[in-house]
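**Q** Sequence:
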Amino acid sequence: MAFFIVVPSLPAAAMALYPFILVKKAIYKEDKVLVNHEKIHFRQQLELFILLFYLLYFCFYLFNLLKYKKHALAYSQIPFEKEAYQKELDMNYLKNRPFYFWINFLK
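In the UniProt record's numbering, the protein residues as written are 1 to 107.
I should point out that these hints are in silico values taken from the structure, not numbers from a laboratory.
Hints may contain errors.
Label pairs and their calculated CB-CB ranges [as the list claims (entries may be wrong)]:
1. Met1 x Phe63: 31 to 37 Å
2. Phe20 x Lys95: 19 to 25 Å
3. Val33 x Leu66: 29 to 35 Å
4. Pro8 x Tyr100: 31 to 37 Å
5. Ile27 x Lys67: 19 to 25 Å
Pairs of lysine-lysine residues, derived as PhoX-like cross-links and limited to a Cα-Cα distance of at most 25 Å, are as follows [claimed, not checked]:
6. Lys67 x Lys82
7. Lys107 x Lys39
8. Lys107 x Lys82
9. Lys70 x Lys82
10. Lys95 x Lys82
The structure presented is a predicted model; accordingly, all values stated were derived computationally and were not measured.
Built from N, CA and C at the ideal position, the CB exists for glycine as well.
Generate coordinates for the entire structure from the input sequences, incorporating the hints supplied.
**A** Next comes the structure, spelled out in structure tokens:
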């Protein structure tokens, strides 16, 4: 179950901070694809005991930023984001998702 919090100043449309999904606008709570994307992040967070997820996410981002020198590209190359974007349209994905599947996006 997700708890939604509307944060108008959020720099993105949504953000998963287990067990909360922060959304920029209340209407985004109804966006099934966006919510599915964030729930994929929930699963990743739980696999990594939440804090390790955030540490790895930050490290991947910093590494990518040094490598690509562009925020958008650095963000898009984070393995957690790659998995979430690739699978966000599959509303049944989390029912069958293999444990630690984000590792397949490490390249």
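**Q** For every hint, state whether the structure bears it out.
**A** Going through the hints against the structure:
Taken as a hint, the range 31 to 37 Å holds for the pair Met1 and Phe63, whose Cβ atoms sit roughly 33 Å apart. A beta carbon spacing of about 22 Å between Phe20 and Lys95 agrees with the range 19 to 25 Å that was offered as a hint. At about 31 Å, the beta-carbon gap between Val33 and Leu66 stays in the expected band of 29 to 35 Å. A C-beta distance of roughly 35 Å is found between Pro8 and Tyr100, which places it inside the suggested range of 31 to 37 Å.
Taking 19 to 25 Å as the suggested C-beta distance range, the pair Ile27 and Lys67 does not conform, at roughly 36 Å. Under the criterion of a C-alpha separation no larger than 25 Å, the hint pairing Lys67 with Lys82 is consistent with the structure, at around 17 Å. Between Lys107 and Lys39 the alpha-carbon distance is near 23 Å, which keeps this suggested pair within the 25 Å criterion. Restraint check: the Cα-Cα separation between Lys107 and Lys82 comes to about 10 Å, which is no more than 25 Å; the hinted pair holds.
Under the criterion of a C-alpha separation no larger than 25 Å, the hint pairing Lys70 with Lys82 is consistent with the structure, at around 16 Å. Using a Cα cut-off of 25 Å, the hinted pair Lys95 and Lys82 holds, with the two alpha carbons roughly 19 Å apart.
Checked against the numbered hints above, the structure violates only hint 5.
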